[in-house]
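Visitor: Chains as they are written, first to last, in the working numbering: chain A, 942 to 1338; chain B, 942 to 1338.
One or more hints might be untrue.
Since the list gives no way to pick one copy over another, a pair counts as held whenever it fits inside one copy or between any two copies.
[As the list claims (entries may be wrong)] Dumping the calculated SDA-like pairs for lysine to any residue here, alpha-carbon to alpha-carbon at most 20 Å:
| # | residue 1 | residue 2 |
| --- | --- | --- |
| 1 | Lys1322 | Glu1287 |
| 2 | Lys1108 | His953 |
| 3 | Lys960 | Val1199 |
| 4 | Lys1066 | Ser1090 |
FYI, nobody ran anything at the bench for these hints, they're computed from the structure. This one's a predicted model, so the numbers in the text were calculated from it and none came from an experiment.
Protein chains: 2
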Amino acid sequence: MKIENPNALTWHFSERAQKLQGSAIREILKITMRPEVISFAGGLPSPATFPIEEMKVAFDKVLTQQGKVALQYGPTDGYAPLREWVANSLSINGSKISMDQVLMVSGSQQGLDLLGKVLIDEGSKILVETPSYLGALQAFSLYGPDFVSVPTDDGGLIPDEVATLGKGARLLYSLPNFQNPTGRTMSVERRQTLVDICARLNLPLIEDDPYGALSYRSEPLPKMLNMNPDGVIYMGSFSKVLTPGIRLGYVVAPRALVDKMEQAKQATDLHTAQLTQMVVHEVVKDGFLDTHIPTIRQLYSDQCDAMLAALTTYFPSSATWTRPEGGMFIWVTLPKHIDTMKLLDEAIKQHVAFVPGAPFFANTPQSNTLRLSFVTVPPAKIREGIEILGKLIAAKL
Amino acid sequence: MKIENPNALTWHFSERAQKLQGSAIREILKITMRPEVISFAGGLPSPATFPIEEMKVAFDKVLTQQGKVALQYGPTDGYAPLREWVANSLSINGSKISMDQVLMVSGSQQGLDLLGKVLIDEGSKILVETPSYLGALQAFSLYGPDFVSVPTDDGGLIPDEVATLGKGARLLYSLPNFQNPTGRTMSVERRQTLVDICARLNLPLIEDDPYGALSYRSEPLPKMLNMNPDGVIYMGSFSKVLTPGIRLGYVVAPRALVDKMEQAKQATDLHTAQLTQMVVHEVVKDGFLDTHIPTIRQLYSDQCDAMLAALTTYFPSSATWTRPEGGMFIWVTLPKHIDTMKLLDEAIKQHVAFVPGAPFFANTPQSNTLRLSFVTVPPAKIREGIEILGKLIAAKL
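Work the whole structure out from these sequences, hints included.
Guide: Right, dumping it as structure tokens:
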């Protein structure tokens, strides 16, 4: 029994903290950690793809050769050779990115927080896709914006909608490659139109691209960053091509914005671990990703195919789903009367998990949607899990 | 020559971002990185104290034995065994700290940012010491508080002042051991009085303690956390006892606050690197710090003595300074007419650097103060640098 302490405080949280809630999805994810659960709920990459040996060698080398630098405080904008590597790797399609435009961050999520800090005031209008990445909605929410959901279709965000909705907005957040949660990809034509519209509206266009390298069927499409480096804020990450647990990503933006974000980052966490940046530079500098990424693509592509085949076999014809050309997610839309939050309760009882779609909507949720990840589950288990879900859905028709 | 891009944006930054400034101190620190400069300006621990070999062995062991876990996404509140280690190490003087009260953060600076996020609204009254740690002022500033500077004397913060100033405030930020920037320590009596006053006012009391283990002359004084775990928010760090470049600290607080901070952290950077936490746990779990910390104390204590002796020899009698019993800093007060920002310009021309005191004041700055760090400079260089400063000051009398 807890003894009441008369000195215990009554908390007065900030308004933004009062709006914070325990994420329903996080609670789900805790359940899905149990080994008996077939979980399509995670947003985690497959640990089978982690280059543990290469990391081990790199940690040893960096600590041996440059231990005192690696373990000391470092610059807020990041480890210069890695910033240069990022700049070079993004200097494609005729555009030159300079390392001055690169800010290293403690995972992309921190990039979102810093963007919110420097671009969003209470009540600022900001545009997001319908649906959008939940982590971005959470990060931006802390700064109290008015979210405007831009309509989408199977080709992703519809640029012409931005022309009317975007006036006076502070930013547009987009995820053009294999979007989280839908798996959708924007065409080159749409990208170019969107870049032009945003430039005309003086609207900062955020291109979040954690999955861009994980293209299954063809070469990745051109980045909006390269279409207009002076108007696009590009976000990249080592989480999906190397490992997520090291927390390392980057934001590439015009220098005026990088300056502000660097000042905000200094107040937020001083800098991202120097050792981690030096180790990642050591791992990637000689082209390791060129041979490593294809192995990830192959694994995920095979499992994506297995899930698409299982959906065709086991899901009723009244359900529809996306056919991603890369990334980690498939988005399913069920008949309107089915609430996937309730479906999840039933699924968990049968040891299958997914993420209900509602939390991914900034405004009106579509409660008949759900997100499936195929990357951490082997094909046989994918079929087993999708069959169980299919039966649960069929029982509701 | 840069070609103007007609698509370049005109930026509309948030109000908080417009108030952000490039830190004068950061610009100073860039200059002081030059090898010919004797720098008392840094807040960096001495790299001579970094346990590089122990870290290397631990990285190798963790990656070999638990690589897939260490490199995967991890829980937002932190690596459980390390949280438990922190809780146990703070369960002293009869109070029991539970691991549920521990949130791992990406360096103490992130703890400050998260506290600002969940406790400060625009215009909230918050109390800080006079002067206070600059990084805390920067972190809190982003959330737009009204700072109230609590008067201090040679014994640090004066608790009775809090009784009148603290009504309706959201938090009191204190650094009771070898404060940054003054090096001052609060007595046990003051700590107990402060804890009682804050409890009576329902005022959350932040006890920032990065230097607590670095006590030169005696055992560390009791922590305010242990005097009232239900009313004190304790902040600890591995930066000064292990290495800062890994960015690892912790906040210990009542569970209601930890819950809110955990939700805020999820939106801010998901979690702190799992690998780093596992490695630090591996390094510290069997008592390494018990033998390691005394070596840091000895080094810093010797250099502190060298600086105090040099100050007595070379500084004019109209200057006064603190005599720290631990930590990294000495605080100097010069005659009122001397502006240490201007003094710094002259000192840098003679290859000596320090940090002017003005930026450490939340309200009225005392421009005749300065902060000296003695931890990264060997004794002979300390004497040389202090002699140069002494002459520059003497010339102004």
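Visitor: Mind listing which of the numbered hints don't hold for this structure, in increasing order?
Guide: Of the numbered hints, all hold.
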